[in-house]
Amino acid sequence: MIRGTVVGQVWATRKARGLDGQTLLLVAACDAEGRATGRLVVASDTLDARAGEDVTVAFGSGARNVLRPGPENRDVLCDAAIAAIVEGAG
Amino acid sequence: MILGRVIGQVWAARRDARLQRAKLLVIKPHAIYEPAFATRHLVATDDVDAGVGDDVIVCLGAPARASAGGNDMPVDAAVLGVVDRIELSPDAMLVPGAGPGIKRALTLPAAAGAK
Numbered sequence: 001m002i003r004g005t006v007v008g009q010v011w012a013t014r015k016a017r018g019l020d021g022q023t024l025l026l027v028a029a030c031d032a033e034g035r036a037t038g039r040l041v042v043a044s045d046t047l048d049a050r051a052g053e054d055v056t057v058a059f060g061s062g063a064r065n066v067l068r069p070g071p072e073n074r075d076v077l078c079d080a081a082i083a084a085i086v087e088g089a090g
Numbered sequence: 001m002i003l004g005r006v007i008g009q010v011w012a013a014r015r016d017a018r019l020q021r022a023k024l025l026v027i028k029p030h031a032i033y034e035p036a037f038a039t040r041h042l043v044a045t046d047d048v049d050a051g052v053g054d055d056v057i058v059c060l061g062a063p064a065r066a067s068a069g070g071n072d073m074p075v076d077a078a079v080l081g082v083v084d085r086i087e088l089s090p091d092a093m094l095v096p097g098a099g100p101g102i103k104r105a106l107t108l109p110a111a112a113g114a115k
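These protein sequence lines are chains A and B, in that order. Just so you know, we're using this note's numbering here: the first sequence kicks off at 1 and counts up by one. Just so you know, we're using this note's numbering here: the second sequence kicks off at 1 and counts up by one.
One should not assume that every hint holds.
Stated by the list, open to error - Facing chain A, according to a computed beta carbon distance under 8 Å, are these residues of chain B, among others:
| no. | residue |
| --- | --- |
| 1 | M1 |
| 2 | L3 |
| 3 | I7 |
| 4 | V10 |
| 5 | A22 |
| 6 | L24 |
| 7 | V26 |
| 8 | H30 |
| 9 | C59 |
| 10 | A66 |
| 11 | V83 |
| 12 | D84 |
| 13 | S89 |
To be verified - Take a look, some chain B residues computed to stay more than 12 Å from chain A by CB distance:
| no. | residue |
| --- | --- |
| 14 | G8 |
| 15 | H41 |
| 16 | V43 |
| 17 | A50 |
| 18 | V52 |
It is worth saying that the hints were derived from the structure and are not from the lab. Computed from a predicted model, the values in this text were never measured in an experiment. Just so you know, even glycine gets a beta-carbon here, dropped at the ideal spot from N, CA and C.
Required output: the full structure, derived from the provided sequences and hints.
Here it is as structure tokens:
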């Protein structure tokens, strides 16, 4: 997983059916010190993250497990998902 | 997933049998995208009939294979959606260090997102 900051949202009308119902947020990835790196990730959101909030983003099967936990979720169309909203970091 | 813009299409007569019907687009990612191999582009299959100049959402890895037709597909990137609108939070731009990087990253999609 990586840390990042929610900076916006993306909307698409023409999309794969598997994306229906997913909220897609733009997350600016942070480096180890929490500074933005200029990389942007489009991550699916189930936690109602708001712009400006710090989050952790899971990739790969970890991201699919956010949307639908279980071994048979390879058909979930998601490769990045917000796993937690960060309240503090040391 | 990443945001990118469709900058072209590739055609191949000789290709894997499972890719016979796939449309292959060349995508230039917005923002910084550094995969293990040092290129600044991706080739992705397309299910949503995106065209050159469209801003798109590209999914990588297993979900891209699922979208392209199954887990045995020789694919690792798929266009899943054509972006209508991008909303960037002005507050988020004030995150220390975020502004220049994000603004630079979104110079291109800002134009498409504004419609």
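Consistency of the hints with the structure:
Satisfaction of the interface hint for M1 of chain B is found here, the shortest Cβ-Cβ separation to chain A being roughly 4 Å, below the 8 Å cut-off. Below 8 Å, beta-carbon pairs count as interface contacts, and L3 of chain B has one with chain A at about 6 Å; its hint therefore holds. Look at I7 of chain B: its Cβ only gets to about 18 Å from chain A, farther than 8 Å, so that hint breaks. Taking 8 Å as the C-beta contact cut-off toward chain A, the hint placing V10 of chain B at the interface is violated, the least distance being around 21 Å.
Because the beta carbon of A22 of chain B sits about 14 Å from the nearest beta carbon in chain A, more than 8 Å, this interface hint is broken. Taking 8 Å as the C-beta contact cut-off toward chain A, the hint placing L24 of chain B at the interface is violated, the least distance being around 16 Å. The interface hint given for V26 of chain B is violated, since its Cβ lies 19 Å from the closest Cβ of chain A, which is over the 8 Å cut-off. With a least beta-carbon distance of about 7 Å to chain A, the hint placing H30 of chain B at the interface is held under the 8 Å criterion.
Interface restraint check for C59 of chain B: the shortest CB-CB distance to chain A comes to about 5 Å, inside 8 Å, so the restraint holds. With a cut of 8 Å, the hint placing A66 of chain B at the interface with chain A holds, because the nearest CB-to-CB distance is about 4 Å. Given hint, V83 of chain B at the interface with chain A, holds; its Cβ is 5 Å from that chain's nearest Cβ, closer than 8 Å. A hinted interface residue such as D84 of chain B counts as satisfied when its beta carbon comes closer than 8 Å to some beta carbon of chain A; here the least separation is about 5 Å, so the hint holds.
Given hint, S89 of chain B at the interface with chain A, holds; its Cβ is 3 Å from that chain's nearest Cβ, closer than 8 Å. No Cβ of chain A comes within 12 Å of the Cβ of G8 of chain B; the nearest lies about 19 Å off, and the non-interface call holds. Remark: the non-interface label on H41 of chain B is consistent with the geometry, its nearest Cβ contact in chain A lying 16 Å away (cut-off 12 Å). With a closest Cβ-Cβ approach of about 16 Å to chain A, V43 of chain B is found to remain outside the 12 Å limit, as its non-interface label requires.
At roughly 8 Å from the closest C-beta of chain A, the C-beta of A50 of chain B falls inside 12 Å, breaking its exclusion from the interface. Non-interface call for V52 of chain B relative to chain A: holds, since the shortest CB-CB distance, roughly 15 Å, exceeds 12 Å.
Consistency with the previously given hints fails for numbers 3, 4, 5, 6, 7, 17, ordered from lowest to highest.
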